[in-house]
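Could you slot chains B, C and D onto chain A? The hints should help.
If you read the protein sequences in the order shown, they are chains A, B, C and D.
So the first sequence is numbered by the numbering used here: it starts at 132 and just counts up by one.
So the second sequence is numbered by the numbering used here: it starts at 132 and just counts up by one.
So the third sequence is numbered by the numbering used here: it starts at 132 and just counts up by one.
So the fourth sequence is numbered by the numbering used here: it starts at 132 and just counts up by one.
Please keep in mind that the hints were generated in silico from the structure rather than gathered at the bench.
A portion of the hints provided could be inaccurate.
[Said to hold, decoys possible] Here are the simulated lysine to any residue pairs, SDA-like style, with alpha carbons at most 25 Å apart: (1) D:K302 to C:Q297; (2) C:K438 to A:W360; (3) C:K302 to D:Q297; (4) B:K474 to B:T350; (5) A:K208 to A:V440; (6) C:K438 to A:G352; (7) C:K302 to C:G370; (8) B:K345 to B:P277; (9) B:K133 to B:V451; (10) D:K177 to D:M457; (11) A:K356 to A:G407; (12) A:K444 to C:N443; (13) B:K361 to A:G407; (14) D:K177 to D:G462; (15) A:K444 to C:G407; (16) A:K361 to B:P408; (17) A:K208 to D:G243; (18) D:K438 to B:H351.
Values in this document were obtained by computation on a predicted structure and should not be read as measured data.
There are 4 protein chains.
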Amino acid sequence: MKALVYHGPGSKAWEDVPDPTILQPTDAIVRVDTTTICGTDLHILKGDVAAVTDGRILGHEGVGTVTEVGDAVRNFKVGDRVIISCVSSCGVCSYCRSGNPSHCLADEGAVGIGWILGHLIDGTQAELVRTPFADNSLYALPAGVPDDAAVLLSDILPTGFEIGVQYGQVKPGDTVAVVGAGPVGLSVIATASLYGAAQIIAVDLDTNRIEKAKTMGATHGVCSKDADWKDQVIALTDGYGVDVAVEAVGIPATFRMCTDLVRPGGHVANVGVHGGPVELPLQDLWIANITISMGLVNTNTLGMLLKLVAQNKLPVGAFVTHRFGMDNVLGAYDTFGDAANSKALKVLISR
Amino acid sequence: MKALVYHGPGSKAWEDVPDPTILQPTDAIVRVDTTTICGTDLHILKGDVAAVTDGRILGHEGVGTVTEVGDAVRNFKVGDRVIISCVSSCGVCSYCRSGNPSHCLADEGAVGIGWILGHLIDGTQAELVRTPFADNSLYALPAGVPDDAAVLLSDILPTGFEIGVQYGQVKPGDTVAVVGAGPVGLSVIATASLYGAAQIIAVDLDTNRIEKAKTMGATHGVCSKDADWKDQVIALTDGYGVDVAVEAVGIPATFRMCTDLVRPGGHVANVGVHGGPVELPLQDLWIANITISMGLVNTNTLGMLLKLVAQNKLPVGAFVTHRFGMDNVLGAYDTFGDAANSKALKVLISR
Amino acid sequence: MKALVYHGPGSKAWEDVPDPTILQPTDAIVRVDTTTICGTDLHILKGDVAAVTDGRILGHEGVGTVTEVGDAVRNFKVGDRVIISCVSSCGVCSYCRSGNPSHCLADEGAVGIGWILGHLIDGTQAELVRTPFADNSLYALPAGVPDDAAVLLSDILPTGFEIGVQYGQVKPGDTVAVVGAGPVGLSVIATASLYGAAQIIAVDLDTNRIEKAKTMGATHGVCSKDADWKDQVIALTDGYGVDVAVEAVGIPATFRMCTDLVRPGGHVANVGVHGGPVELPLQDLWIANITISMGLVNTNTLGMLLKLVAQNKLPVGAFVTHRFGMDNVLGAYDTFGDAANSKALKVLISR
Amino acid sequence: MKALVYHGPGSKAWEDVPDPTILQPTDAIVRVDTTTICGTDLHILKGDVAAVTDGRILGHEGVGTVTEVGDAVRNFKVGDRVIISCVSSCGVCSYCRSGNPSHCLADEGAVGIGWILGHLIDGTQAELVRTPFADNSLYALPAGVPDDAAVLLSDILPTGFEIGVQYGQVKPGDTVAVVGAGPVGLSVIATASLYGAAQIIAVDLDTNRIEKAKTMGATHGVCSKDADWKDQVIALTDGYGVDVAVEAVGIPATFRMCTDLVRPGGHVANVGVHGGPVELPLQDLWIANITISMGLVNTNTLGMLLKLVAQNKLPVGAFVTHRFGMDNVLGAYDTFGDAANSKALKVLISR
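Next comes chain A alone, as it looks inside the complex:
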């Protein structure tokens, strides 16, 4: 088959590789119908993720069709259309059982991480992919849900909802500020109303993204280039700050914006992937009764979000900005990697 193979920092190729095979009776092989690119894939290509080694097939998101199942797979059969969770998890280790399959202890190339596709085992940017723990890691795709929406459920939509909205403890009536209106920030914005957020404020440098955010659930937008951006946000509250501030960029400045915006008793939910430490002003915050949360998506809510998508209850139509054939995956990377100019959010790669 053909697959996108990583060959060390800065190097990748769409090349011939052997087809994957069933290694465990709980595995399935899935023909990839649609995949996409995540910001994490760009980090890997820069060499930021040391665990990814030369020869690894990239990609951890995808929608496809089952072509083979191991003897122990009970819930899927050849021909089933499925969504592939970015987290492969055994379902029975202490982390899976306590609601953190993101830290699954099953030995599938690593112990302590559920994100192994395109990381520690071969991934989804390929014609075929082996999916471990198929019963636990695949989700049946209902007939009426288009690939465009379904592929968002592999990672980005659950990430925004679980790590942003749920970890941020959004509750009815809350004012939520989302710092960063890229794909993952938009996922927070698109799902914050599921817990009754009354005001959802998109904060971004780019006014185009703010406008986009307003079509997907943001009730207000604030441009962080404005000198008074903080005052603009605080003016939407009772003067004491937002209930929940979500960091969806991954740099110290945006993290600090969140601790500056949050009210006493509020929550900072970090969704961004950080490359370095941040300074936490505990001399001010020790007294503030806030929580700060962070983490890798568990995709525990994938099934629930899929149900809402199938009922057309989430604004998912606007995420996909570009489409490519699988033989032009390199073009898809170029477009996604140049989002500043291409305005790319999610780029779809389909057979």
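Chains B, C and D alone, transformed into the frame defined by chain A:
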């Protein structure tokens, strides 16, 4: 009356001041029978708390007898023995109503802070004290509870329980590491079993304190002078870290010890009062699914803890190490301020 | 002043009575601008509520203007426009502190019940009303909120939200069946999406009410006159039942409909006021892992709901079906008491 | 092999049957070292559980040694000592994923019930047993835990903790009344302190059982033969009732005792298995803000409780009153069935 008056950094005096009077119909005047000194009082005396100005009577903990009540006080009368909460709160503002009276918005010298005694209004290290919102901020002292135990309920015991145990989300079966076995760390240790903590590990530089901790609920102790202190703690877990790490010192090194000890999916509860920022290694932690909490005590649990103290269900007997008469409050400060030599935990000051 | 006075079962009159006066420093006197009638008022008039005695002024809902305040009232002044909570609560007793002001222990005509207006003390169907614990029991009415919407916040909207939606533990993606689409059922329907309910099914005998429900948030309607009503509801689920079934009528048949509809692991939230016992089929349900909840509204969420109403985020416009002047309160009772013909939901009585 | 086979109401035999075999790659075969008898087994023998048919091997509790594993079993190997959960669950269906494996939808003889051993498939009162979903339904037995304690973890200890303590929402400081001090009531009593229950009141007709309860965690005992039993319980509270009332018998009278004892805002947790309906006095309770819970154990807490047992932190030593060899399983039934005279709590049956 006599009171301990702050006169700027490094300066205090036990001197004559006017008696307090009822200013609001919800006030009560309490004769202080027993008070004590908090680490925060030492911070104030060093000049670290700018809001405390020359002439302020210090102290926010105390047990006493009501001598006068305002017209609107319904639940207390002259002669009642009471515990004074360190938080004075109106009970009706948005912060009080949402469970954060620590950030009460009522205008009693400040808005946005419930800790006003010995801070923004005159405090409890005095013969008499005015207590605002008496119905809300005083607690009737049952006959059988000695002052030694009762005075711990003003601040330190609820602080350990609320900010350490509850914010740390301790649950049955958990392994909890408490970094710092001073008075507040001991309060965490003494109450962690209320949520079923299975292992409570006291981590401190001082082996004497560790031994003390073991008499108050710690199941294990680790001396942080040992080069392998971290390995010793991790060896008590399944190898992935503790469920809850409680910071009870207030410096960057001990905060870092907590983020180093916590397992994926676990909780860091900061109880310490910090004077500067800490570095948060988000490049490692963004993926860890942990929460970090912090805050000022609300004393929401004072009544519940009092019930347990009255039933002799908490190991409160060991906190008080020294006793002083009120006329020797300066001696009490000397002893408490020299805890390294005096081995002082809580020093009692009584009429 | 004039007031609607209860004179024993079946007897009431709009008559002259003495003006109310401040009895406690925490009281306020409010001139009633708009009040309304609750189903409970009809129960009282039938003689079902023995605690209501001859001479009592009825009514526990209202919007008005403060005309006098006691010395201890800090948050309201003469001229302020306010919403009167149907629950009068001290804020400091063990019930208030634990989130159940509905069972406030303060002695205001009774101990153990926060609903005293129009029950144990004189109520709001009058030109003036004394409101105990004014700081705790009144809410400032923002300029832009009309009385029509505001008066719903005294009781019915919080009742639907707290006792139906919150007690029912509605969560994102849930299917919620509301049995009974009268005013309180509609309040559940209007607020269930605040916790992300995906399907809200109005079940009623009356197809007109079902149509009304669909304008206020119901995604589906089922007529309980249909022989296959249960199958119709179950067909909207995965076949195992609804996540949450809300009883909003108050008779054994509708309660049984709820236990029949709920899925294993689901919730039955009883909102209806019952006059007799119901049979609970524990031989079937002991194994079902369901919860059954019930209770009097606390109005803890009044402030939050008011914020949403002020932002036009709740479909409150359709509740008021009839309007009367205060001198025609008897006509209002006639219309409300004949809802089957008048199609009355909430009838407004205004100065 | 030999096994205890059900032959219709009133009829059972210890007889030769074929050895079980692996049917699914996720199965394991376990040699039963120790099993026990549950009250449910007595119900089955009376013919109360229609789903159990002639020829079924009884028993759903047990400790044993793995003798064979299917190809897909990853976490257990031949020779491993294990605890068998009474719930067999797939781990991936909507019920398993939402924390209710007690209602697992996997087709293993039934859909919608996780308790299948000794019910819908052959059980543990045999020399060998097939255990479906072995990775999910077996728990490794640490070396130091004796069979006497381990076998309690199959069902009764998790039942008391999950359905009594957790569903009852016991919290620090609570007063808990447990009506019925048989094995399951004692399991509630033995685990209620894991959430900080301050007072645990054993209520039973039998004073011997009350004394036993006091050795296992009860702080008080009340004999329900006493005319003033209710007053005795209420006297241990502030006069308004207990925070949590646990029903651990399964008849209308004891259920009513619980709704009579519970305070406003409290919880009734039904643990008993009922054979008929109960009357719920909603005319009184609709206003009481209580919850009523019920259900089949999920054994979600088996692993946590096992950890505590291994640390000698639970009073499990007193449950086992009688021991039998496997060839005398009929004698064990006689003793257990005559508990009134034999004082049997748990009877052990071992190889």
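Hints versus structure:
Taking the CA atoms of D:K302 and C:Q297, the gap is near 20 Å; set against the 25 Å cutoff, the hint holds. With a C-alpha separation of about 24 Å, the suggested pairing of C:K438 with A:W360 holds against the 25 Å cut-off. For the hint linking C:K302 to D:Q297, the alpha-carbon distance of about 20 Å falls within 25 Å, and the restraint holds. The hinted pair formed by B:K474 and B:T350 meets the criterion: a straight-line CA distance of about 22 Å does not exceed 25 Å.
For the hint pairing A:K208 with A:V440, the CA-to-CA distance comes to about 23 Å; that is within 25 Å, so the pair holds. With a C-alpha separation of about 20 Å, the suggested pairing of C:K438 with A:G352 holds against the 25 Å cut-off. Between C:K302 and C:G370 the CA atoms are separated by roughly 19 Å; this keeps the pair inside 25 Å, and the hint holds. A distance of roughly 23 Å separates the Cα atoms of B:K345 and B:P277; the hinted pair therefore holds under the 25 Å criterion.
In summary, the hint linking B:K133 to B:V451 is supported, as the alpha carbons are separated by about 24 Å, within the 25 Å threshold. Of the supplied pair hints, the one linking D:K177 and D:M457 holds, its CA atoms being roughly 22 Å apart against a limit of 25 Å. The suggested pairing of A:K356 with A:G407 holds, with an alpha-carbon distance near 23 Å, which does not exceed 25 Å. Between A:K444 and C:N443 the alpha-carbon distance is near 20 Å, which keeps this suggested pair within the 25 Å criterion.
Between B:K361 and A:G407, the direct Cα distance comes to roughly 23 Å. Compliance with the 25 Å bound is thereby established for this hinted pair. For a cut-off of 25 Å, the pair hint linking D:K177 to D:G462 stands: about 17 Å separates their Cα positions. Under the criterion of a C-alpha separation no larger than 25 Å, the hint pairing A:K444 with C:G407 is inconsistent with the structure, at around 41 Å. Distance restraint check for A:K361 and B:P408: the Cα-Cα separation of roughly 21 Å lies within the 25 Å cut-off, and the hinted pair is therefore satisfied.
Distance hint between A:K208 and D:G243 is fulfilled; the C-alpha atoms sit about 22 Å from each other, no more than 25 Å. Only pairs whose Cα atoms come within 25 Å are accepted, and D:K438 paired with B:H351 is accepted, the gap being roughly 16 Å.
Checked against the numbered hints above, the structure breaks only hint 15 and satisfies the rest.
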